[in-house]
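Using this note's numbering, the first residue of the sequence shown is number 1, and each one after it goes up by one.
Read the hints as simulated data drawn from the structure, not as lab findings. It is possible that part of the hints are untrue.
Lysine-lysine pairs mimicking PhoX-like chemistry, simulated, CA-CA at most 25 Å apart [unchecked claim]:
{"id": "1", "residue 1": "Lys181", "residue 2": "Lys61"}
{"id": "2", "residue 1": "Lys181", "residue 2": "Lys77"}
{"id": "3", "residue 1": "Lys241", "residue 2": "Lys61"}
{"id": "4", "residue 1": "Lys77", "residue 2": "Lys66"}
{"id": "5", "residue 1": "Lys61", "residue 2": "Lys77"}
{"id": "6", "residue 1": "Lys186", "residue 2": "Lys241"}
{"id": "7", "residue 1": "Lys77", "residue 2": "Lys186"}
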Amino acid sequence: MKKTDLRGILFLVFAAMIWGFALVAQKAGTENLGPLTFTGLRCMLGSLSMIPLIIILDGKKTPEQKEAEHNPAILLKGGMLCGLVVFSFTILQQIGIQYTTVGKSGFITALYIILVPLAGLFLKRKVEKRIWFAVLIALAGFYLMCMSEGLTAINRGDILMLMASVGCAVHIYAIDYFVNKVDPVKFSSLQFLITGIISLVLALFLEDIRWQNIFATAVPILYAGIISCGLGYTFQILGQKYVEPAKASLLLSSETIFTMLAGMLFFQEMLSIKEYIGCGFIFFAIILSQIQRKS
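Taking the hints into account, I'd like the entire structure generated from these sequences.
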């Protein structure tokens with residue numbers, strides 16, 4: 001293995017670990033802040049934390065690269081649209097995590113990895129047999145995790161996390177449409193900014209914002225904003241410089257494992273045997289959905 005390959009793998013694993021532990025910060029944030037306030041502050045910080053990366057990357061670009069990415073109208077349109085999508089699924093996730101465990105949240109949200117290729121049906125794209133097989137395995141896993149005792153066993157948190165997963169899949173397609181036409185880091189920073197603005201404006205009318213509660217939640221906000229959004233995204237960019245996309249997506253899917261470990265470590269979450277088996281089914285389905293067939 002080349003040193004550059006190892007470096008890329010480490011960057012991607014660190015990104016997965018950072019994002020896996022982010023759900024701990026989100027759950028901790030629910031203790032003192034409403035979902036809109038926490039999301040708004042987190043995303044505003046995330047947007048601002050990307051400015052140094054934008055400056056560094058801009059300094060390394062050739063005039064031709066800068067010209068190719070100079071599409072302010074598309075940047076604004078795409079940033080606003082994706083910011084709205086990010087707002088939708090992030091709020092669903094932030095509300096949902098109040099009612100379910102961190103570990104289950106990570107696995108349910110990660111179902112978007114399977115939903116992305118499945119969504120190709122609506123775009124008249126052929127869906128491979130392995131994707132259908134992965135969907136069946138994931139459904140079995142979801143049943144074991146959330147409905148093993150019947151339909152009444154599923155709670156609102158699990159449903160909201162599943163809805164957030166659908167939002168994540170929509171977000172992937174929106175990014176795919178816009179990101180090759182603009183600077184990807186500026187695009188990401190703008191979408192977080194839009195999400196932050198929408199969240200904070202709504203929070204002013206719908207939630208009771210108190211400074212003492214914000215200060216009491218400073219650590220979760222800083223982690224979810226600067227570390228998760230800023231540093232995690234930076235590690236992903238650095239990692240994908242050295243690792244091919246198929247392998248990168250497999251490495252990033254380890255986020256679910258870190259999420260479960262984080263739930264155990266910080267909240268002493270213990271799942272039942274059925275729930276662990278369900279997690280295993282979902283993780284296998286995620287891996288199966290990302291395996292690339294050799295041409």
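Each hint tested on the structure:
Note on lysine 181 and lysine 61: the hinted pairing holds, with a Cα-Cα distance of about 15 Å set against a maximum of 25 Å. A threshold of 25 Å between alpha carbons decides the hint, and for lysine 181 with lysine 77 the separation of about 12 Å falls inside it, so the pair holds. The suggested pairing of lysine 241 with lysine 61 holds, with an alpha-carbon distance near 15 Å, which does not exceed 25 Å. With a CA separation close to 19 Å, the supplied pair lysine 77 and lysine 66 stays within the 25 Å bound.
A hinted pair counts as satisfied when its Cα atoms are at most 25 Å apart, and lysine 61 with lysine 77 qualifies at roughly 23 Å. Between lysine 186 and lysine 241 the CA atoms are separated by roughly 18 Å; this keeps the pair inside 25 Å, and the hint holds. With a CA separation close to 13 Å, the supplied pair lysine 77 and lysine 186 stays within the 25 Å bound.
The structure is consistent with each of the numbered hints, conforming to all of them.
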